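Participant: From first to last, the protein sequence lines stand for chains A and B.
Position 3, counted from 1, in the first sequence is what our numbering calls 3; the numbers after and before it change by one each time, with no gaps.
Position 169, counted from 1, in the second sequence is what our numbering calls 169; the numbers after and before it change by one each time, with no gaps.
Fair warning: there could be bad hints in the mix.
[What the hints assert, rightly or not] Pairs of lysine-lysine, DSSO-like flavour, derived with a Cα cap of 30 Å: (1) Lys111(A) <-> Lys131(A); (2) Lys126(B) <-> Lys156(A); (3) Lys54(A) <-> Lys126(B); (4) Lys54(A) <-> Lys227(A); (5) Lys126(B) <-> Lys131(A).
Source of the hints: derived by calculation from the structure; they are not laboratory data.
In this text the structure is predicted, and so the values were computed from the model without any measurement.
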Amino acid sequence: MITFSNVNKWYGDYRALADINAEVQKGEVVVVCGPSGSGKSTLIRTVNRLEEIKSGRLTFDGQDVHAPMSSAQLNRLRSRVGFVFQSFNLFPHLSALDNVMLSPMHVNGVKRSEARDQAMQLLERVGLASKALSYPAQLSGGQQQRVAIARALAMKPPAMLFDEPTSALDPEMVGEVLAVMRSLAADGMTMMCVTHEMNFAREVADRVWFMDAGSILESAAPESFFKNPQHPRAQRFLSDLRAH
Amino acid sequence: MFSIFEILRDNWLLLLIGQYPNGPLGGIACTLILSVLGILLAFPLSVLLALARLSPWRLLNWPATALVYVARGVPLLMIILWVYFLVPLLIGRNVSGFVTMLCTLVLYEGAYLAEVVRAGIEALPKGQMEAARALGHSHLGAMRLVILPQALFNMLPSMLSQFVSTIKETTLGYVINVPELTFAANQINNQLLTKPFQVFFILAIIYFIVCWSLTRAATALERRIEARRAGPRRAGTAPQPTVVVETLAAEP
Numbered sequence: 001m002i003t004f005s006n007v008n009k010w011y012g013d014y015r016a017l018a019d020i021n022a023e024v025q026k027g028e029v030v031v032v033c034g035p036s037g038s039g040k041s042t043l044i045r046t047v048n049r050l051e052e053i054k055s056g057r058l059t060f061d062g063q064d065v066h067a068p069m070s071s072a073q074l075n076r077l078r079s080r081v082g083f084v085f086q087s088f089n090l091f092p093h094l095s096a097l098d099n100v101m102l103s104p105m106h107v108n109g110v111k112r113s114e115a116r117d118q119a120m121q122l123l124e125r126v127g128l129a130s131k132a133l134s135y136p137a138q139l140s141g142g143q144q145q146r147v148a149i150a151r152a153l154a155m156k157p158p159a160m161l162f163d164e165p166t167s168a169l170d171p172e173m174v175g176e177v178l179a180v181m182r183s184l185a186a187d188g189m190t191m192m193c194v195t196h197e198m199n200f201a202r203e204v205a206d207r208v209w210f211m212d213a214g215s216i217l218e219s220a221a222p223e224s225f226f227k228n229p230q231h232p233r234a235q236r237f238l239s240d241l242r243a244h
Numbered sequence: 001m002f003s004i005f006e007i008l009r010d011n012w013l014l015l016l017i018g019q020y021p022n023g024p025l026g027g028i029a030c031t032l033i034l035s036v037l038g039i040l041l042a043f044p045l046s047v048l049l050a051l052a053r054l055s056p057w058r059l060l061n062w063p064a065t066a067l068v069y070v071a072r073g074v075p076l077l078m079i080i081l082w083v084y085f086l087v088p089l090l091i092g093r094n095v096s097g098f099v100t101m102l103c104t105l106v107l108y109e110g111a112y113l114a115e116v117v118r119a120g121i122e123a124l125p126k127g128q129m130e131a132a133r134a135l136g137h138s139h140l141g142a143m144r145l146v147i148l149p150q151a152l153f154n155m156l157p158s159m160l161s162q163f164v165s166t167i168k169e170t171t172l173g174y175v176i177n178v179p180e181l182t183f184a185a186n187q188i189n190n191q192l193l194t195k196p197f198q199v200f201f202i203l204a205i206i207y208f209i210v211c212w213s214l215t216r217a218a219t220a221l222e223r224r225i226e227a228r229r230a231g232p233r234r235a236g237t238a239p240q241p242t243v244v245v246e247t248l249a250a251e252p
């Protein structure tokens with residue numbers, strides 16, 4: 001579904017991504033973890049081209065994401081990649097329902113009544129049907145992030161990307177967002193999640209990618225990654241986590 | 001003091017509507033129509049200028065930037081005289097003082113408002129544009145549906161103060177014989193000859209009342225918007241203020 005081959009990215013002299021070779025299979029849940037500044041967010045943001053790459057090839061659902069293309073083609077490609085941000089980025093001037101309806105209507109040309117029905121179903125799915133008419137500022141962080149997930153799902157994406165979806169949340173709200181992500185994984189959604197929630201990785205992920213200094217140092221099934229990490233940097237990272 | 005009331009009693013119609021219907025509409029009516037039309041026409045221009053200023057495309061960016069800098073870097077009176085002498089040359093026939101003044105105001109206010117709009121757009125969190133683009137909206141689509149509705153709403157108080165400035169700027173129409181309020185006052189002064197202080201005192205008071213009440217309205221609006229921004233955050237636990245929902249729903 002998502003393949004990286006020899007992907008490199010530089011910020012000036014700084015090498016943000018170094019020869020990334022990896023693949024996310026259809027239906028697979030991949031958790032990307034690693035210390036801050038290791039390139040996790042940069043990696044996930046290259047998938048819908050919020051970040052450009054310097055060299056290499058990145059395909060999404062068979063399509064070369066970084067090939068030269070018109071902006072209309074890029075918009076169409078982006079509309080098929082579900083993306084959830086750390087800071088939710090809901091549109092504050094629209095109600096939860098309108099947030100979810102906006103892009104199907106204006107990007108995909110779905111009729112209003114149809115978009116509304118679909119949006120209500122999605123809000124129901126994330127447990128927020130009763131908040132459909134609330135504005136983002138009236139919702140808690142966890143509720144906002146769940147609306148943001150519904151908004152991304154409304155475009156019917158073949159895969160969902162999560163960029164630290166729970167890092168900006170109060171601890172008691174993390175669970176409700178993870179529960180939604182769990183149910184998505186259970187439904188067979190292809191997912192790539194940058195997260196520090198190691199329990200989520202252990203229980204839900206099919207693979208864990210460990211990144212440091214712009215490279216994927218280890219890619220393993222969660223049991224073996226958490227029990228028996230191979231790379232010394234990963235061992236140190238996990239023991240630092242356990243120390244808390 | 002008594003003569004002030006006398007002047008008002010004898011000339012209130014002239015101050016209100018000029019020599020209409022025997023001549024062109026003037027006085028306060030002319031001033032207000034000029035200001036309202038000026039700001040209404042300047043507004044779409046300013047949005048276009050701001051979008052061009054923010055565009056990475058040089059062909060759009062450079063001329064818009066040049067226009068904004070020139071309009072902001074030259075005294076308004078200079079622009080009035082330019083338009084006054086240039087427009088008839090360009091279109092080959094004379095235009096009224098009113099139209100000249102309107103063109104000038106649209107240009108001048110458009111340039112100032114463009115910077116207000118640009119600031120309003122740039123003040124929004126970067127994540128808003130990013131989220132819209134990630135959902136597949138085009139740049140202009142994201143501007144129209146996500147960025148501008150928020151930016152313009154936040155800018156309402158600034159736009160109202162710009163409107164107040166516009167009212168004050170219409171006084172300069174006097175130099176090209178636009179029959180606005182200052183012109184009317186000067187006519188009265190020329191008739192009476194001996195009471196310039198009283199006449200221009202009345203003029204000042206009228207401008208002050210109009211501008212001051214609008215400034216007050218801008219301040220009140222600003223407070224409401226601030227309360228709206230701060231309010232709902234606290235309302236996470238408290239019951240939601242219904243006013244907030246109403247103002248939000250009234251947005252385009």
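Participant: For each hint, tell me whether it holds in the structure or not.
Facilitator: Against the structure, the hints come out as follows:
1. Lys111(A) <-> Lys131(A): holds, 22 Å
2. Lys126(B) <-> Lys156(A): Holds, at roughly 25 Å.
3. Lys54(A) <-> Lys126(B): holds, 23 Å
4. Lys54(A) <-> Lys227(A): With Cα atoms ~35 Å apart, Lys54(A) and Lys227(A) exceed 30 Å; violated.
5. Lys126(B) <-> Lys131(A): holds, 26 Å
Of the numbered hints stated above, the single one contradicted by the structure is hint 4.
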